[in-house]
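Put together the whole structure using the sequences plus the hints.
Protein chains: 4
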Amino acid sequence: MQAFVMRSIGETGIVEKDRPTPGPNDAIVKPTKGLICTSDCHTVHGAIGDREDLTLGHEIVGVVDEVGDEVSEFEAGDRVAVGAITPDWNSLAAQDGHPSQSNEALGGWKFANVKDGTFAEYAHVNDADGNMAHVPDGVTDHEATYVADMLSTGFAGAENAAVPMGGTVAVFAQGPVGLMATKGAALLGAGEIIAVETMDNRKELAREYGADHVVDFADVDPVEAIMDLTDGEGVDGAIEALGADETLQDCIEVTKPGGTISNVGYHGEGEFRHIPRVEWGVGMAEKDIVTDLCPGGRLRISRMLRLIETDRVDPTKLTTHEFDFEEIETAFDMMDTKEDGMIKPLIHFE
Amino acid sequence: MQAFVMRSIGETGIVEKDRPTPGPNDAIVKPTKGLICTSDCHTVHGAIGDREDLTLGHEIVGVVDEVGDEVSEFEAGDRVAVGAITPDWNSLAAQDGHPSQSNEALGGWKFANVKDGTFAEYAHVNDADGNMAHVPDGVTDHEATYVADMLSTGFAGAENAAVPMGGTVAVFAQGPVGLMATKGAALLGAGEIIAVETMDNRKELAREYGADHVVDFADVDPVEAIMDLTDGEGVDGAIEALGADETLQDCIEVTKPGGTISNVGYHGEGEFRHIPRVEWGVGMAEKDIVTDLCPGGRLRISRMLRLIETDRVDPTKLTTHEFDFEEIETAFDMMDTKEDGMIKPLIHFE
Amino acid sequence: MQAFVMRSIGETGIVEKDRPTPGPNDAIVKPTKGLICTSDCHTVHGAIGDREDLTLGHEIVGVVDEVGDEVSEFEAGDRVAVGAITPDWNSLAAQDGHPSQSNEALGGWKFANVKDGTFAEYAHVNDADGNMAHVPDGVTDHEATYVADMLSTGFAGAENAAVPMGGTVAVFAQGPVGLMATKGAALLGAGEIIAVETMDNRKELAREYGADHVVDFADVDPVEAIMDLTDGEGVDGAIEALGADETLQDCIEVTKPGGTISNVGYHGEGEFRHIPRVEWGVGMAEKDIVTDLCPGGRLRISRMLRLIETDRVDPTKLTTHEFDFEEIETAFDMMDTKEDGMIKPLIHFE
Amino acid sequence: MQAFVMRSIGETGIVEKDRPTPGPNDAIVKPTKGLICTSDCHTVHGAIGDREDLTLGHEIVGVVDEVGDEVSEFEAGDRVAVGAITPDWNSLAAQDGHPSQSNEALGGWKFANVKDGTFAEYAHVNDADGNMAHVPDGVTDHEATYVADMLSTGFAGAENAAVPMGGTVAVFAQGPVGLMATKGAALLGAGEIIAVETMDNRKELAREYGADHVVDFADVDPVEAIMDLTDGEGVDGAIEALGADETLQDCIEVTKPGGTISNVGYHGEGEFRHIPRVEWGVGMAEKDIVTDLCPGGRLRISRMLRLIETDRVDPTKLTTHEFDFEEIETAFDMMDTKEDGMIKPLIHFE
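Protein chains in written order, with the UniProt record's numbering: chain W, 1 to 350; chain Z, 1 to 350; chain F, 1 to 350; chain H, 1 to 350.
In short, the hints are calculated from the structure, not lab data.
Don't take every hint at face value.
[As the list claims (entries may be wrong)] According to the in silico footprint, chain F covers these stretches of chain H (three or more CB under 8 angstroms from chain F):
1) 74-84
2) 96-109
3) 174-188
4) 289-295
[As the list claims (entries may be wrong)] One-sided and incomplete, this derived list gives chain Z residues near chain W with beta-carbon spacing under 7 angstroms:
5) 15
6) 38
7) 41
8) 98
9) 266
10) 273
11) 274
12) 282
13) 285
14) 288
15) 289
16) 290
These figures come from a predicted structure and were not determined experimentally.
Backbone N, C-alpha and C define an ideal beta-carbon position, used for all residues, glycine too.
This is how it looks when you write it as structure tokens:
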């Protein structure tokens, strides 16, 4: 079968591989649609070290081709969404309420990290009963691809910000995760949502997804702007959806005492993140900093799918470009540079 | 009346002041016993800016001398413990579950900050119904002085670490707050408690208060030692009770993915605290960082007093020295340098 | 001044009373708009015992006429919303996170219970800083009257049901509180909302406020219907907004193991509520039953107002009838019988 | 192999069965010590319907005899504690934080319910990696038998009561689960613990495990006694450890507004449990009722074992009698009647 792989640091390609075979708890899924994630780009650039011919990708929807003997919830022919994060559900971390950290830090992240990813004719899904969900009839494949990572991660950012009904929230960066964090805050009853972004199409989408204000950091200092918008109080919660030192600091500054900083950005560079000591209330202002890796699991995926099915969210607005599988290298290169205003490129596998 | 004051940065003295008078919601309390806090020393060194003849102190027990017309729970002659932190209970922050941040960051901290402290013949307590508690017969004045700050702060450090029953916890620094965090972790059902300290009398007290292991950072690298003690897993929770950049970093490193870093240290210096990016799981390891300022309030104080009354904790082991009020400058100078193994000096007001 | 009172059990009337005067922490508010609550009817029927010429009412918006010396957040002329529940914010229960229970069960409920209510030319508000909020310019008086009780109570019902994003919820009874619970569930990200009701105008409003399904209990057994709609699983949360034994039982039956029953109904009659033992999983199915009395407070009121200001909710759809203050007895009698499809009657005070 | 079974309702016996074989995720364990549970008696009396030659028992410690191919954490020869509740960790309920409800209400309860229990020469453990834990060297087999159910269930009762540090708690009934709930409350920092019991040896153990007061319901009305002991306030939390209608009602009555009723009793009889309407605050006093089925899992078992290893708890005080496996029918009959003051009988399998 054909697979889109990281050949080595900085190099990608399509190679021929054997179709994977399932263990007793696993499934083989034939992808129909997929999305490229910026983290795929980070990986190819070496963020998690070198890999040799590792299949990329972790956001797909597809059809079950085969299941292991112990799989009870799925059978060949089922249309399924697959989680980007595929934890070991009986691990200590999962039993502790942190499945994404199963066995080690970020241990639920297996696709295109410690095993082949999903950008191939067939993908191997560990613990299929735990890590896939049936796609309801009312949800298209295109829509369903978004639950794997973008909805789950962005919404987790909003959930962790713990904004009370009618509270205020700032969302730093309106990439696909940030936009879903904005939408998540709207879905969770925030009373005022402030998005920070500079690119025009992202600013426009931020408003469509529920932002009451969009602060363009190219025009104004975002900390000042947010403090002004909140009459000097600061926000109940701030969401970091970029993975940069400066935005994390900004989040800490604009959060009111007793509020929460919710990080969903992937911090890929630098030795340290910096907490501004005074604005952090000398360690006593009860500004908590919480973090998350995309929650996976059949339950989570099913709930995300239900939100699409009942028209609470239309994630396909994030799709700016479409490609056939044969064109995936072009899609990948554009995602790397975000040229042409790319937010998410949809891949058609058939 | 006589009051022990900060005359200006770096200078203390005993001066004559007028006895305060209560507003309708306030009380005047005549202290019987008190404790000096290291934060008094920070204040005199200029940590919160200059002050002129500001009365120091925030840890006392005493007798009510007078109450305002709206006070309903107390009357003259009542023996009371007074909170170190005296929030405005109808403020937005208090209604939000963060009374110590009432009106502004750290806004519940009024004594020896924005109003005169308690080291005087009479002390003014704002919102007396909300900020004092009756001392039960079975609790001595000496014991009761500890609930104002040391028990409430140390135990909050343990509570915020969110260590499950049978879980593991590391407590960095065994000063009085750290020792009470150690005791707090023991009271909350931690299964294994690792204390970090180098001074002999504090190491011994750590064991008495419940530490299963004491790591002497002068002998070994504490991060390595804690990882070894936990078979490489790290701890469920780590408590920072010093207020230093290095110990906060150590806390982040020794906490397992999905665990919690609980800060109760006062970070008095430096522009930034540093989060080690990789050990923090690139912002995705679900290692949350939570902070607290001493919880105050009649309810909290009463519960702390009950723990003493029912013999769950004996805080007087922290008292290494005793002084009459006339000697308070000597006590203060020794607390500043921690000479002679001082942990807490008890002041007798009568 | 004129006041609409409960003369004795079963009897109401408009009587002349002295204008109240404020204590140091209180305010006198001149109502502009108000709403009658079904609980006013219960009170007149004797639900909380007899009263003599007690002023009724607890849902108003108005203008500050006078404040006590200790009030710092408000001054005469301010346009304010007043909470239906006016806790003592320094009470033990408030410090414990349960302000509505201040000093005794339901102790935050003072208006038209232990002191005169708000249906008079002037109303006395205890602890004004804690229990009122400024109405933003973008919110009308009519809209603002709803935050006192209907939004706060209904939304609390939804919050307590603890429905996760994309989860399922059933709301039993679509009176004004039930409708706001339905809207609250929608605002909080429920993936599927099932409303139970039989009256046509309420069924229609339920759909407008976000219900995906409306089950008419006159046509079908609601338990069966809800189990069918959820493929036999039951809902993540069920909200009781009526105060009846049967609906509480239904809630327990339709909630899945591990789910939550959230009660906001006022259970006015009968010696017992009945928990069906088997459907409750013999006390081991982790179906928690939580209850609430309308949350009050400046912060809560402000957040509810913000949700109106930013167009998250339009509560005025609940207003089916309008009356001048002189006609309040007619309004009250109609509210008692709910004739003419009354949901909420708005009272104009000027 | 020999197995102690329920032959049919009301009848037990030792029969010969085939040794079980493991699926890919399972283990076969050879028990060394075990404990009989009152729920085994309920089962034989027909509480969950008829069964034919179903092996009884769910509390054992033993040695791994064989593991399936997918088991990675254990191998033959390992000394292990087995959970009484053995959830499917990838089920929706487990992913929702309620593993004991996996797939259906009480679905984690498999032993001696939907599959053979553990009172046999060999026991089959589903999902071995998720449902067993290694016993540390410092913990005896006798001690370790208690983690399967008694510690985990009793401690969960205390955890769910959500008693704050220094708060008050009442524990109704001091059977083995109630005694562990008492001990659990002590381990979690309760400031005052009131145990309700009438049998002398249980009253004595209650004190040893941390009760400050023991109320003998044969001498006094327990509700009155508890209200007196708390100065009329009621307790922060009440734990029902019997499974009776009357004690559940008592729990609701003695809990203060805003407090929590934690049920761990198995309610085996009657159509309804009765909530006293007025004492429940007409559904508005914020007295929450929470329930639990014994939490299982490798993490939970390991944490319970650590509490024994570090001398936080000695559960062997509960062992009043000891028997060889051949005598298990005698032990069972005595457990059924609790004759001779039996609390827990230990079974030696070798």
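The hints, checked one at a time:
1. Interface restraint, the region 74-84 of chain H with chain F: violated (0 residues with C-beta to C-beta distance below 8 angstroms; minimum three).
2. For the region 96-109 of chain H, the assignment as covered by chain F holds, since 9 residues bring a beta-carbon within under 8 angstroms of that chain's beta-carbons and 3 suffice.
3. Coverage of a stretch by a chain is defined here by at least three residues with a beta carbon nearer than 8 angstroms to that chain's beta carbons; for the region 174-188 of chain H and chain F the count is 0, and the condition is violated.
4. With 5 residues having a beta carbon nearer than 8 angstroms to a beta carbon of chain F, the region 289-295 of chain H meets the requirement of three or more and the stated coverage holds.
5. Proximity of residue 15 of chain Z to chain W is violated relative to the hint, the smallest CB-CB distance being about 28 angstroms (cut-off 7 angstroms).
6. Nearest Cβ of chain W to the Cβ of residue 38 of chain Z: about 13 angstroms, over the 7 angstroms cut. The hint is violated.
7. Checking residue 41 of chain Z against chain W by beta carbon gives a least distance of about 15 angstroms; that is not within 7 angstroms, so the hint is violated.
8. With a cut of 7 angstroms, the hint placing residue 98 of chain Z at the interface with chain W holds, because the nearest CB-to-CB distance is about 3 angstroms.
9. Annotation: interface hint on residue 266 of chain Z holds; nearest CB of chain W at approximately 6 angstroms, less than 7 angstroms.
10. The closest approach between the C-beta of residue 273 of chain Z and any C-beta of chain W is roughly 4 angstroms, which is under the 7 angstroms cut-off, so the hint is satisfied.
11. Because the smallest distance between the Cβ of residue 274 of chain Z and any Cβ of chain W comes to about 4 angstroms, under 7 angstroms, the interface hint for this residue holds.
12. Among the interface hints, the one on residue 282 of chain Z holds; its C-beta lies about 5 angstroms from the nearest C-beta in chain W, closer than the 7 angstroms criterion.
13. At a threshold of 7 angstroms, the smallest CB-CB gap from residue 285 of chain Z to chain W is about 4 angstroms, leaving the interface hint in force.
14. Hint on residue 288 of chain Z holds. Least Cβ distance to chain W is approximately 5 angstroms, under the 7 angstroms limit.
15. Annotation: residue 289 of chain Z was flagged as interfacial toward chain W, and the flag holds, the nearest CB pair being 4 angstroms apart, inside 7 angstroms.
16. Hint status for residue 290 of chain Z: holds, given a least beta-carbon distance of 5 angstroms to chain W, under 7 angstroms.
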